[in-house]
Amino acid sequence: MTDKNKDDSTNKAKDKVRGNPQKPLHWFEIIVSDPQKRTGDPGSSSGYVSYQISTKTNNAAFYDNRGNSESIIVVHRRYSDLLLLHDILLNEFPTCIIPPLPDKKVFQYIAGDRFSQRFTQKRCHSLQNFLRRVSLHPDLCQSKVFKTFLVSKDWESHRKVLQDSLQPSKDEVTDAFMNAFKTVHKQNEEFTEIREKSDKLDRTVTKIDKLFHKVVKKNDSMSEDYTKLGTNLQELQELVTGENEELTGKLKIFNEGVTQLSYGLQDLTKYLDYEYIVDLKDLEHYIDSMRQLIKLKDQKQIDYEALSDYLTRSIKEKNNLISGYGGSNFFANKLEELAGINQEASRREKINKLESKIASLTGELENAKRVADGFEQACLKEIDHFESVKTTEIKQSLGSLTDHHIEFYERILEAWEKVDESL
Amino acid sequence: MDYNIFDGLHEQQSSGSEMDLSEEDNNPFVGTHHLYASGIGTAIGEARPENIHSPPSSSSLPSSPAHSSSAGSSRASTTSSTSSHAVVEADAETEPFVSLSMSTTTATITKNAPHDTNGTEQIQIIDAGDFKDPWGKHAIGYVILYENNKIIRRYSEFHSLKQSLARLLPTIIIPPIPSKHSLFKYIWNPINATNDSKIISTRKKMLNSFLSNCLKIQEICNDTIFRKFLNPEYNWKDVLSSSPIIILPLNNLLAPPLNPTKPSPLHTILPIPSNSSLKNYNSIWQQHITMKSHNEVSNLPIEIVQNEPQFTHIENLFQNYKRIITHLLKNIRSNKSHFHSLSTYFAELGAYYNAFSLENDIAMPNSGQEHRGNSKNPMLEIVSHIEKIGHSFDIIYISSEILIEKYNFILEEPINELLQFLNESFKVLNFKKLKFLQYKILEKLIIEKETKLANLTEIENQLQKINESLTHSTILTDDNNTDTKAVEPTFVKKNIRSLSKSSSNSNSSGHQSEIRIGTSKLNYKTTTPTMNLNKLEIKQLTKQERSKQIKQLVQDLSKLKDCLSICVSDMLEINTSSYNSLMHMYNQIHLTVARILKLFTTSFKAWIKECLENWKLAKSQIDQVL
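Order-wise, the sequence lines are chains A and B.
So in the UniProt record's numbering, spot 386 of the first sequence is number 386, and the numbers just go up one at a time.
So in the UniProt record's numbering, spot 448 of the second sequence is number 448, and the numbers just go up one at a time.
Everything labelled a hint here was simulated from the structure, so no lab data went into it.
Be careful, since some hints might not be right.
Pairs of lysine-lysine residues, derived as DSSO-like cross-links and limited to a Cα-Cα distance of at most 27 Å, are as follows [to be verified]:
(1) K330/B x K605/B
(2) K609/B x K252/A
(3) K270/A x K598/B
(4) K619/B x K207/A
(5) K605/B x K418/A
(6) K295/A x K381/A
(7) K217/A x K616/B
(8) K210/A x K336/B
(9) K295/A x K200/A
(10) K619/B x K218/A
(11) K609/B x K228/A
(12) K252/A x K330/B
(13) K616/B x K207/A
(14) K218/A x K330/B
(15) K217/A x K228/A
(16) K619/B x K217/A
(17) K318/A x K350/A
(18) K252/A x K598/B
(19) K609/B x K214/A
(20) K217/A x K609/B
(21) K598/B x K609/B
(22) K147/A x K381/A
(23) K616/B x K418/A
(24) K381/A x K369/A
(25) K122/A x K218/A
(26) K418/A x K619/B
(27) K207/A x K336/B
(28) K336/B x K418/A
(29) K605/B x K214/A
(30) K200/A x K104/A
(31) K198/B x K330/B
(32) K270/A x K217/A
(33) K217/A x K605/B
(34) K619/B x K228/A
(35) K336/B x K270/A
(36) K210/A x K616/B
(37) K418/A x K598/B
(38) K228/A x K598/B
(39) K619/B x K210/A
Here the structure is a predicted model, which means the values were calculated and not measured.
Model the full structure from these sequences, guided by the hints.
Here it is in structure tokens:
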């Protein structure tokens, strides 16, 4: 874990040298660790799991002048706290890709598996990924709520306030639902490409993720095999004892190797299961979040397009009125004439009405255009940021995958070299 | 033995060029399972160029440029069937069977030059394939190279050789041969080419190890039958229907154990204990040695009694070995299949990572030029990174497959052979036990007959006395006569009581080893009925009949005693001979186990090293990218 952190910081250092304006000004080192089961408040029935969050940063504001970047800020938070942070960020930064949180995993709640080591360890790693992603984002990491979350010793009181500030936005939901079946007419090529790319990436990552799941399962049965093999060898060793001391010794040494192999494999499997697969899953979720943002952008564009449609129709109608009666309206006109309405007067009135409508529509259209364009720009910026974070993450997780494999093989090589020497 | 997994591979490949290609017509190895023979081999060669030491003349090597473009293509090695053909054949020809043999001094067979034999002890099966036997029938033949002779024998001939050897040398542990096709396999796998060739190559290895094991056992090596088997001038069918084989007795218990072709006349009349009585062996033996009232016939030579604990010990030990090793084998098999599916996942992972890197590679130029030309796409940096990971998984897949393949002949086959050896040892042990049971039957018969003889002579004596007194009394008065007449029945009664008592005694003890006598001249079964009949008959027997029976009994007894002494000497022979063989086995088991451990360790270490180096290579390249 510390290795990873160093990687983090060195990467950031490099980025700073490159002077990439997108990067946050400050660096963070965040470690989520030590998941512990806590018995809940007297009111609530079940307990919860508390995670220790340790932060190191060069942002002096975080220390409130009470320390320097060498000291570590430690707080304890639970999953629902992180969920709150997530939701607030989502609310405050609509144009940003908010890093996703791990699933709520309702099933585990039902199965009562919520406090198992496997579950909490995995979640721990995933939460860490979330916080790191937030800390890497130029805007999100500057947010007040993020700071409060990482630093505050009095989170409980903050939480109440924050929860109230978070208002459910039902309109948007219905809006989104209304527009769900509409598609953007003129999709930016870049976005098409981004979409395709992310789909591809998602597919690949999902497949690799699934495969690693299988590998983990197989590894488990392999290490089980080795344990059984160890028992067999032990029996054989006991049988040979007193018959052939040399062979007894050899069997013992060999068994040592098998045991090491079994342990090594278990450790590797744990890493794969608890960290690598979690990284992959988080990446999938991150891609999802990005898609959500694109969808939101599409909505703005759909709004704009609908508006622009309306405008064109209005202009057309006005032009029709100006250029004459227009064959299609003959009967209506006749009827109005019969009713004694001054045609010319009503026509002028209509044209005037339309003109004012067009004027306001044009204004709104410009506005919508601005919004949509602004959103699109923000979106692209976000996606660029996403790309770089994603790349760094893939780089890091692949690096640690390699490291862990090397560690595993080195370990068993050492064990088996000993075996080989003694045989 | 410093062993690199890939050395063999390359040697096999290089030797492929030296193979006689004219044999390709009846090559049974078309499309074998050795999928790593061609494509994977080159992929590894690519990764570790220092390993390639094949001669430049190796024209039959699959052209590497086709494969070297990407390691991923190695998975599709089966597609290049034509180029892999020769290599596959070579691979099957020169499989390193050395590891299979049970010997301490693993004869190093120089793979490329089988003719370079250092001594007459070299034996090797150099080929296996379809051939026509003298009757024009097609069959799979195994070409044995021995003392510069080529002998073609079929599997069934190996089988009958083994059986004949077992009959000729009952006290020697005969090396095992691969088991016959099971009916199950025939039903599930209707013979197809690949399956067949797999069986053939396995059999070839096992038969090779059988022959070299045989050569190491002097008794077998010097046997005429074995010599004839290795002599191309002999037709095996003729050998089987000629001298030593056809004059063998039906059962080895009816012949001297060390020379079954020359049974003495007495051997042929020995009783044969049933196999089912073997399970009572231990209790019978215990009873035998704890029995206090030894009469002189029951005295086994002291060395037999003394050796027994050693035999029991070995048997117990072997039983335990068998149990544990069976478990072990089961475990190894399940591990192998797990390993195999794991390596398939590695292959898939390799494929996906490679695809992953390619996707990004292709996607990059477009977006880079059009929209964000100035900001370099970050993914480009890690494309090679991902590719390295993919490559790593490819390599791991390949080396794992090779290791799994090695599981076959490093673990499974030797362990299986060990199990078979143990079973053969039990056969020898059982023979020894049966001989003892045979001895017990004889002993019991002798005791019975002796008792009967004693009774008869006693009655005879008493009757004689009565007669004497009768003749006396006839001279005296008639009154006396009636008195003595009354005496006789009481005498007889007394005798009969004691007789029936003894007969029931012997019956109860005789229950445990029920005797079944086939062709022997002695009528063992009559003993019990006569005893029972005695109650009525003895009285009625005439003097002549009585004396005739006594004479018969005496004759039987002397014959039986001769048999017993022969049996005892057989036992002594069996004990020494089988003890030697068993002790040899005992040592061999330990050596084999040690060697399996060593061999596995070496290959496993090589695998670890391969993987480690590969990951380290990936790491170093990744670090460069960073």
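Hints, verified against the model:
1. K330/B x K605/B: At roughly 23 Å apart (the allowed maximum being 27 Å), K605/B and K330/B satisfy the hint.
2. K609/B x K252/A: Distance ~23 Å between K609/B and K252/A Cα, so the pair holds.
3. K270/A x K598/B: Violated, at roughly 30 Å.
4. K619/B x K207/A: Given that 27 Å is the threshold and the Cα spacing comes to 23 Å, the pair holds.
5. K605/B x K418/A: holds (10 Å)
6. K295/A x K381/A: holds (15 Å)
7. K217/A x K616/B: Since the Cα atoms of K217/A and K616/B sit roughly 25 Å apart, the hinted pair holds (cutoff 27 Å).
8. K210/A x K336/B: Distance ~22 Å between K210/A and K336/B Cα, so the pair holds.
9. K295/A x K200/A: holds (18 Å)
10. K619/B x K218/A: holds (25 Å)
11. K609/B x K228/A: holds (25 Å)
12. K252/A x K330/B: The given pair, whose Cα atoms are some 21 Å apart, holds under the 27 Å limit.
13. K616/B x K207/A: holds (25 Å)
14. K218/A x K330/B: holds (17 Å)
15. K217/A x K228/A: Judged against 27 Å, a Cα distance of about 17 Å means the pair holds.
16. K619/B x K217/A: It holds: about 26 Å lies between the C-alpha atoms, which stays within 27 Å.
17. K318/A x K350/A: Distance of about 8 Å is within 27 Å: holds.
18. K252/A x K598/B: holds (13 Å)
19. K609/B x K214/A: Holds: K609/B and K214/A sit about 24 Å apart, inside 27 Å.
20. K217/A x K609/B: Satisfied, since the Cα-Cα distance of roughly 24 Å is no more than 27 Å.
21. K598/B x K609/B: holds (16 Å)
22. K147/A x K381/A: Status holds; Cα separation ~23 Å.
23. K616/B x K418/A: Satisfied, since the Cα-Cα distance of roughly 21 Å is no more than 27 Å.
24. K381/A x K369/A: Distance ~18 Å between K381/A and K369/A Cα, so the pair holds.
25. K122/A x K218/A: OK: K122/A and K218/A at ~19 Å, within 27 Å.
26. K418/A x K619/B: holds (25 Å)
27. K207/A x K336/B: Holds, at about 25 Å.
28. K336/B x K418/A: holds (24 Å)
29. K605/B x K214/A: Since the Cα atoms of K605/B and K214/A sit roughly 25 Å apart, the hinted pair holds (cutoff 27 Å).
30. K200/A x K104/A: holds (26 Å)
31. K198/B x K330/B: holds (21 Å)
32. K270/A x K217/A: holds (11 Å)
33. K217/A x K605/B: holds (24 Å)
34. K619/B x K228/A: This hinted pair is violated, its Cα atoms lying about 34 Å apart.
35. K336/B x K270/A: holds (22 Å)
36. K210/A x K616/B: Distance ~25 Å between K210/A and K616/B Cα, so the pair holds.
37. K418/A x K598/B: Measuring from Cα to Cα gives roughly 12 Å; hence the hint holds.
38. K228/A x K598/B: Holds: K228/A and K598/B sit about 20 Å apart, inside 27 Å.
39. K619/B x K210/A: holds (24 Å)
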